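So the protein lines, in turn, are chains A and B. Sequential numbering of the first sequence, starting at 1236, is according to the numbering used here. Sequential numbering of the second sequence, starting at 1236, is according to the numbering used here.
Among the hints, erroneous ones may be present.
Intra- or inter-copy, both count: the list cannot distinguish identical chains.
No more than 35 Å apart at the CA atoms, straight line, and that leaves these computed lysine-lysine pairs for DSBU-like [unchecked claim]:
#, residue 1, residue 2
1, 1485, 1388
2, 1421, 1388
3, 1388, 1444
4, 1422, 1388
5, 1459, 1421
6, 1267, 1350
7, 1444, 1473
8, 1237, 1350
9, 1485, 1350
10, 1267, 1473
11, 1459, 1237
12, 1366, 1237
Bear in mind the hints are in silico, worked out from the structure with no lab data behind them. Small disclaimer: the values here were computed from a predicted structure and weren't measured.
Number of protein chains: 2
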Amino acid sequence: MKPELSVVKIGGNIIENESALGDFLNDFAAMKGNKILVHGGGRTATRIAGQLGIPAQMTGGRRITTRETLDVIVMVYGGLTNKNIVARLQGLDCNAIGLSGADGNTITSGKRPVKDVDYGFAGDIREVNGKAVKALLESGMTPVFCAITHDGKGQLLNTNADTIASEVAIGMSEHFETSLYYCFEKKGVLRNVEDDNSVIPHIDTESYKQLLETRVIADGMLPKMHNCFNALQRHVGKVHIGLPGMIAGKEDLFTTLTL
Amino acid sequence: MKPELSVVKIGGNIIENESALGDFLNDFAAMKGNKILVHGGGRTATRIAGQLGIPAQMTGGRRITTRETLDVIVMVYGGLTNKNIVARLQGLDCNAIGLSGADGNTITSGKRPVKDVDYGFAGDIREVNGKAVKALLESGMTPVFCAITHDGKGQLLNTNADTIASEVAIGMSEHFETSLYYCFEKKGVLRNVEDDNSVIPHIDTESYKQLLETRVIADGMLPKMHNCFNALQRHVGKVHIGLPGMIAGKEDLFTTLTL
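Pulled out of the complex, with its shape left as it was, chain A reads as follows (with noise of 0.2 Å):
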């Protein structure tokens, strides 16, 4: 039996909430087992940018990571946010180290190629180092990660968090059973969006197809269900969708996801 795992995803909704962070840090730090933490960013880069002059610039409603904004974005989530959660997790006797990417070359990356768009310093992941991590994790530690990769090259890329935890999960498979959850500002995936209670609670492949088709799952849930089932065939056992408390038992619906 391989030992198990839990893969978390915080996004900027959370991390920007102090109370809701605070709560979620101590939820997180009495998870039992193994754990890694992925957090999103949120828009303490964009309001820093701001502050710096650096304009935003968007395509088709894309943000455009420009160098400018790289180095922003390694600013605010790889120093800011990361350095503040690893501190406050060690003060709750959780050993966290902060990782980009970079850091053991623990994600590697690469440049998202130039078709009708230019997207900037946007990597697409190639490869987790299931190894590295797994000798964080061997030593104790608790890896939390930040939203940016690299290109083994020496440049540093920015890389959507969702797809960064579900790459992780992936990666780790191979040694842990691996479960993955995706905390975010709703109970879990809605039957209708209207209505906050109407949660899926459980959603397998042949459900998902359904949903698909009914167009239940649309926007901003697509690239999010992509990322959870591409997880579960690439041998993550489970997926969990919800509100941040479903990591500590607390809340009583939520939608988990199986092949």
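Position chain B against the provided structure of chain A, taking the given hints into account.
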């Protein structure tokens, strides 16, 4: 026989000179054996603090680390500088891992007590966790420390990089035969500050005393030399002070300190 370990410290003047930094990283990546890098800050933090409208608070020529200043230091030293150095070392086949003292609980410190002056969020080192750093080295990783520690209760603290270097070297001496390299903008400790070639090649406890009495060592060199002899008295084998190229055997002149 204990294995050998080199602890190398570079300051802001190297970090902020692209050509000097490139040369240094090449030399550091090529160093054989166990090694640790400690980097200082430089003027980027001051510049960004200015752009963000955060005033520098000084007292008696010393900087006070306000909460806002600490945030900038964590962004710049812990994020921008540290992650870019790590990514560039990875590109040179050096498996670097960036650390603040909070990461892996590697360096704990205490907030400097308020006597005549409140230095704010400045930390005096209490303990280097040699076991944790050794585990990283044994996993084939090269720790890269920025000048930030933590109090173990959730608070990051700004800490002098020279002191981090000497305390890390001391903390590792239980497990390693440790040498400490202070790279700076001079060829070594100078007998005559006006003459860049008046390097004193070797200083021991006896000649150190004389150099202090005759005031050859004064001003800015005093705390650096104090750190050096503190390290030597606490089981660090040798300390070298000079231009960065000394780590690659490129310098004929530099200062070696022994007990």
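Item to complete: With 35 Å as the alpha-carbon cut-off, assign the pair residue 1237 and residue 1350 to within, between, both or neither.
Response: So residue 1237 and residue 1350 fail the 35 Å test inside a copy (42 Å) and across (54 Å) alike.
Item to complete: Could you place residue 1366 and residue 1237 in one of the four classes (within, between, both, neither) given a Cα distance threshold of 35 Å?
Response: both (15 Å within a copy, 27 Å between copies)
Discussion item. As a check of your reading, is residue 1485 near residue 1350 (CA-CA no more than 35 Å) within one copy, between copies, both or neither?
Written reply: neither (45 Å within a copy, 46 Å between copies)
Worksheet item: Under a CA distance limit of 35 Å, which applies to residue 1444 and residue 1473: within one copy, between copies, both, or neither?
Response: Close inside one copy (18 Å), not across copies (67 Å); limit 35 Å.
Worksheet item: Within a copy, between copies, both or neither: where do residue 1421 and residue 1388 come within 35 Å Cα-Cα?
Response: between (39 Å within a copy, 31 Å between copies)
Worksheet item: Is it within a copy, between copies, both, or neither that the alpha carbon of residue 1485 lies no farther than 35 Å from that of residue 1388?
Response: Answer is between: at 26 Å across copies they meet the 35 Å cutoff, but 44 Å inside does not.
Item to complete: Can you give me the call for residue 1459 and residue 1421, within, between, both or neither, at a CA distance of at most 35 Å?
Response: within (13 Å within a copy, 54 Å between copies)
Discussion item. One pair to classify: residue 1459 and residue 1237, alpha carbons no more than 35 Å apart. Within, between, both, or neither?
Written reply: within (27 Å within a copy, 50 Å between copies)
Worksheet item: Between the shortest in-copy and the shortest cross-copy C-alpha distance, which are at most 35 Å for residue 1267 and residue 1350: within, between, both, or neither?
Response: neither (45 Å within a copy, 42 Å between copies)
Worksheet item: Given a CA cutoff of 35 Å, do residue 1422 and residue 1388 count as a within-copy pair, a between-copy pair, both, or neither?
Response: between (41 Å within a copy, 32 Å between copies)
Worksheet item: Should residue 1388 paired with residue 1444 be assigned to within, between, both, or neither, using CA atoms and 35 Å as the limit?
Response: neither (40 Å within a copy, 48 Å between copies)
Worksheet item: Within a copy, between copies, both or neither: where do residue 1267 and residue 1473 come within 35 Å Cα-Cα?
Response: Intra 17 Å, inter 44 Å, cutoff 35 Å: intra-copy only.
In this structure, the earlier hints numbered 3, 6, 8 and 9 are contradicted, and the remaining ones agree with it.
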